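J.: Sequence:
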Amino acid sequence: MDFENYIQVVEGFPKPGISFKDVSPLLKDADAYSQAITALADLVKGEKIDLVIGPESRGFVFGAPLALKLNAGFVMARKKGKLPGEVVSKTYTLEYNTACIELPKFAVKKGERVLIVDDLLATGGTLKAVCDLVHEQGGEVVKALAFIELKDLDGKKNLLPYKFESILKL
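Under numbering that gives the first Met the number 0, the first residue of the sequence shown is numbered 0, with each subsequent residue one higher.
Everything hinted at is true.
Label pairs and their in silico Cβ distance ranges: (1) N70 / G16: 39 to 47 Å; (2) P24 / L67: 21 to 29 Å; (3) P160 / T90: 14 to 22 Å; (4) N70 / G137: 20 to 28 Å; (5) T97 / P15: 17 to 25 Å; (6) Q34 / N70: 16 to 24 Å; (7) E85 / H134: 17 to 25 Å.
Keeping only pairs whose Cα atoms sit at most 25 Å apart, straight-line, the calculated SDA-like set for lysine to any residue is: (8) K150 / R57; (9) K68 / A40; (10) K156 / F59; (11) K78 / S18; (12) K142 / D49; (13) K109 / A66; (14) K162 / L42; (15) K78 / D21; (16) K81 / P13; (17) K109 / L82; (18) K109 / Y91; (19) K142 / L169; (20) K68 / Y161; (21) K47 / I36; (22) K79 / T97; (23) K104 / E135; (24) K168 / D28; (25) K68 / S56; (26) K27 / E3; (27) K20 / F59; (28) K78 / K156; (29) K142 / L93; (30) K68 / E111; (31) K89 / S56; (32) K78 / C99; (33) K162 / T122; (34) K142 / I36; (35) K109 / G45; (36) K27 / L169; (37) K78 / T122; (38) K168 / A40; (39) K79 / Q136; (40) K142 / E164.
Just so you know, these hints were derived from the structure itself, not from any lab.
In this text the structure is predicted, and so the values were computed from the model without any measurement.
Backbone N, C-alpha and C define an ideal beta-carbon position, used for all residues, glycine too.
Work out the full structure, taking the sequences as your base and the hints as a guide.
T.: What follows is the structure, encoded as structure tokens:
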């Protein structure tokens, strides 16, 4: 399937100079969405995955169905102040500002094999922050995945030493 046909490009969003890649058309098409989740699952075929973590908010729409397909649990990585109870947090830089991501303190148990998935990799800040939180909690980051990778920003280099793969390179 040519997934690029299901990505809407919105220029100047969320601010001038940004070319936003919108996955909404993909999510609206049941067949394309299902094939996207299967393609992501294929990237970790043969790996034991205990837990999938998806960063807010589009990581939820890829991470939750992927967790079900992999027979793994799912945890939401949320923006600062959105989770109840004790949290662990990491501040990081995005391509157009800074942000803070949090996980419930109990989310990752020592030795759990964790897959992190988001809709898009730009500079790598969000995925790297989540990978670091998993590592700090004693989890093993099996891999980080993104449905879309923006090649020109070369965000995967910022994810080192973590493994990374994507489906669609734009």
